[in-house]
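**Student:** Residue numbers (my numbering), protein chains in the order written: chain R, 50 to 282; chain L, 2 to 556.
Treat the hints as calculated values from the structure; they're not laboratory data.
Some hints here could point you the wrong way.
Stated by the list, open to error - Pair ranges (Cβ atoms, derived):
no.: 1; chain 1: L; residue 1: Leu-363; chain 2: R; residue 2: Ile-173; range: 45 to 55 Å
no.: 2; chain 1: L; residue 1: Tyr-482; chain 2: R; residue 2: Glu-185; range: 43 to 53 Å
no.: 3; chain 1: L; residue 1: Ala-523; chain 2: R; residue 2: Val-169; range: 21 to 31 Å
no.: 4; chain 1: L; residue 1: Val-438; chain 2: R; residue 2: Gly-69; range: 15 to 25 Å
no.: 5; chain 1: L; residue 1: Pro-489; chain 2: R; residue 2: Ala-181; range: 48 to 58 Å
no.: 6; chain 1: R; residue 1: Ile-173; chain 2: L; residue 2: Pro-263; range: 53 to 63 Å
no.: 7; chain 1: R; residue 1: Gly-191; chain 2: L; residue 2: Val-438; range: 27 to 37 Å
no.: 8; chain 1: R; residue 1: Lys-201; chain 2: L; residue 2: Ala-523; range: 41 to 51 Å
no.: 9; chain 1: L; residue 1: Gln-439; chain 2: R; residue 2: Glu-185; range: 24 to 34 Å
no.: 10; chain 1: R; residue 1: Asp-277; chain 2: L; residue 2: Gln-439; range: 29 to 39 Å
no.: 11; chain 1: L; residue 1: Ala-523; chain 2: R; residue 2: Gly-69; range: 47 to 57 Å
As the list claims (entries may be wrong) - Below, simulated EDC-like cross-link-like pairs (lysine to aspartate or glutamate); rule was C-alpha separation at most 16 Å, straight line:
no.: 12; chain 1: R; residue 1: Lys-67; chain 2: L; residue 2: Glu-551
no.: 13; chain 1: L; residue 1: Lys-10; chain 2: R; residue 2: Glu-152
no.: 14; chain 1: L; residue 1: Lys-136; chain 2: L; residue 2: Glu-152
no.: 15; chain 1: R; residue 1: Lys-131; chain 2: R; residue 2: Glu-167
no.: 16; chain 1: L; residue 1: Lys-162; chain 2: L; residue 2: Glu-266
no.: 17; chain 1: L; residue 1: Lys-354; chain 2: L; residue 2: Asp-367
no.: 18; chain 1: L; residue 1: Lys-14; chain 2: R; residue 2: Glu-152
no.: 19; chain 1: L; residue 1: Lys-204; chain 2: L; residue 2: Glu-220
no.: 20; chain 1: L; residue 1: Lys-206; chain 2: L; residue 2: Asp-182
Where is the CB? At the ideal position from N, CA and C, for every residue including glycine.
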Amino acid sequence: MSNPAPGIEVHGLHKSYKLGRTHLHVLRGVSFSIESNEFVAVVGASGSGKSTLLHLVGLLDRMDKGTVKLDGVDVASLSRSKRNRTRCRDVGFVFQFYHLLPELTVLENALLPAKVDESVLGWIRHRGEHRAAAIEMLERVGLSERMKHKPKELSGGERQRVAIARALMNRPKFLLADEPTGNLDSRTGKQILQVLRTASQDIGQTVIMVTHDVALAAEADRVLHLRDGKLTK
Amino acid sequence: MYKLTLCLKYLVKRGLAYFAMFGVAVCVFLMVICISVLTSFVDKIELAAKGLFGDVVISSASLGGVGEYDKLIRRIEKDVPAVEGASPFILTFGILRVPGTDFRRTVQVAGIRLPERAAVSDFEKGLFVQAGLDKPTFDPCQPLVMQRLREDILRTGGILKAIAPVAPDTQLSPDQENLADRLRNALYYQDQAYAAFRNADAKRKRFEDIQAQIKAADEAGDDAKLQLLERDQAIIERQMILPPQRRAILGLGIPGLSFRTPKGEVVRVIAPGQQIVLSLIPLGRNFSYADITPVTRSFTVIDDCSTDVASIDSEIIYVPLETLQRLNNMDAEVVADDPDISQPARCSQIHIKVKPELSRGLALKDVARQIDASVATFLKEHPNASHSPVVVETWRERQGRLVNAIESQRTLMILILSIISAVAVVLIFVILYVIVVQKTRDIGVLKAVGASNFGVAGIFLAYGGAIGLIGSIVGAVGGCYVVWNINPIHDGMARNFGFEVWNRETFMFEMIPNTVEVNTVAWIVALAIIAGIFGSLLPGILAARRQPVEALRYE
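This is chain R alone, in the form it adopts within the complex (with noise of 0.2 Å):
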């Protein structure tokens, strides 16, 4: 009987940029993979490359070069349509700035996913499920009671909190946090880092989460480390 394939796998990736005249290559062949399941934390110096490869794993970019697999299936291989639907269903993203749409409200915004992912038949039929697994989502990141309030009256932790609810909306495999505490005091950061673990850890998520911060790094079950687009431990 063979072993399962691993959550995320990542092998020889290249990214690259153009900025005006100049070519900056980001990443220079890093692989890498990750367990199902896996908390596993990205750090390294700013310009590292560390939201670029984020980016790249969660299909908000394209690759020069290489392959990443998600649960074995190569996403070089996906059409547009199949890109999409799996950033939908299969990968949530936390920002580092939050990104909440400000005219929608804490509910609203964590219904987000949902909604992008249902038809308005579909949602007509499933509005309740919906409603009740974000209100769930909500309570376990501690933000019930502020369910009808919009963004810019929260504050930044909370914010980050409803960011994560967003992520774990459709229930994705895949977790992907990009300095989820980079705006944040540390103790703040703790805690969402927290919610973060313990949210995953419920719904049974794989989770990579970039940071610079070492000592946050620490609190994952493995760490890489990124430097000048390449991994070195």
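Put chain L on the given structure of chain R with help from the hints.
**Tutor:** Below, chain L alone, put in the same frame as chain R:
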């Protein structure tokens, strides 16, 4: 689902959208008003022209007119099955006077046949006494006339009471005082008219008695008595209801014979039952200028008629065709010694009604061609019928200059408003572009949670469409409201600010045409929505093409 949610949120939360909606609403509002008024203006001209002249008009190029018209009508009805009815018509000019006053006015005098006229036009619809009767005549039943008169007297009295109550301490403004005087004057004349009918039988009997006495005095050679009797006869004649061949129907709107109160109520000063005097210059037969002698006849007003065309109602009087033929020298002239130089009775025009299904557009033109051919054949066979060219025209050809001018105006207005509307498209484009730029990060988030390019573009296209839809509905509702109430609005503006755009003489009709065509409004709304989507197309595509990573990094 997110497309709908975000589209609605952006609509409600983004103040900029209201500017775009306002722009669309204003454009649609103006379009609905201008197109509706001008279209219903053209429709009203059609209705009025058909109501007055029928669908096709045969007219003579000279004042001599067309002879043998009854034979010609029968011939046309036989040759052209599309013809539903036809009636001769005489139009000439005269001077109108009201006995016992210094009122004088030039008018058009129309000779018509009743009830035949009702078969080719909507003449009967605008009558006062005989309103709605299928077969109006110059001899309506007396009780009906009296009933209508009574109603009108009560109505006039009611108007007077409303502005000048009987209470002694009531203070009236000079305008109200003036109006009250005019209403009292009208009531005086209306009472006289009613009395004329009430005493009609007695006066007729008295007239007949005097006639018999005149005959006896004439036979007896008693000149003194004869003179006195003739004077009495003239006095009685002025007070009696004249026989049907000496009756007239007034156009409702001849200045001096009726007036409108500031509220738009029509008040008759000269009502059915009163006499008028018409003086005509008989121009219907070849003459030398030295021969022209005006003829004068008194007529009893028996009814009045409103065609809703102010320019016609304000200067026309209808009299029996045969009466006008005689007065205008268009009756038959029989020279017993030389039948070749005898002339048949003539009319100026023949008005023809065509079956409704063939009464528009090219079908009507085709019917007019058939009538023209029939007329040409008839004239060859009856050379005495007309010595001048005879023209066959559809109502539209006859009113061509006017209708084409209005249609050109309408086209021009649509063009100008389309250019203005293009500004609304640009407005939507700019506003949506600004919103797309402002929302770049949100677009990145949407893509991060799985939104497709098409979905993101859809938000902005739906947004543009919704701006078009809401703006156009607001504009259309406002436009329809204004069009439906354009007359009270106009009157209110004229009363309060002295701002009068609609001059009844310039624009022909009493009221501003105010019909709204549902199809037209639907088209305008649809075009506004398309314009909204068009304006949002580029911003939508721009949003869709944003790379999620670029969008998320956007500062």
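**Student:** Tell me, which hint numbers fail for this structure?
**Tutor:** Numbers 14, 19, 20 - these are the hints that the structure violates, sorted from lowest upward.
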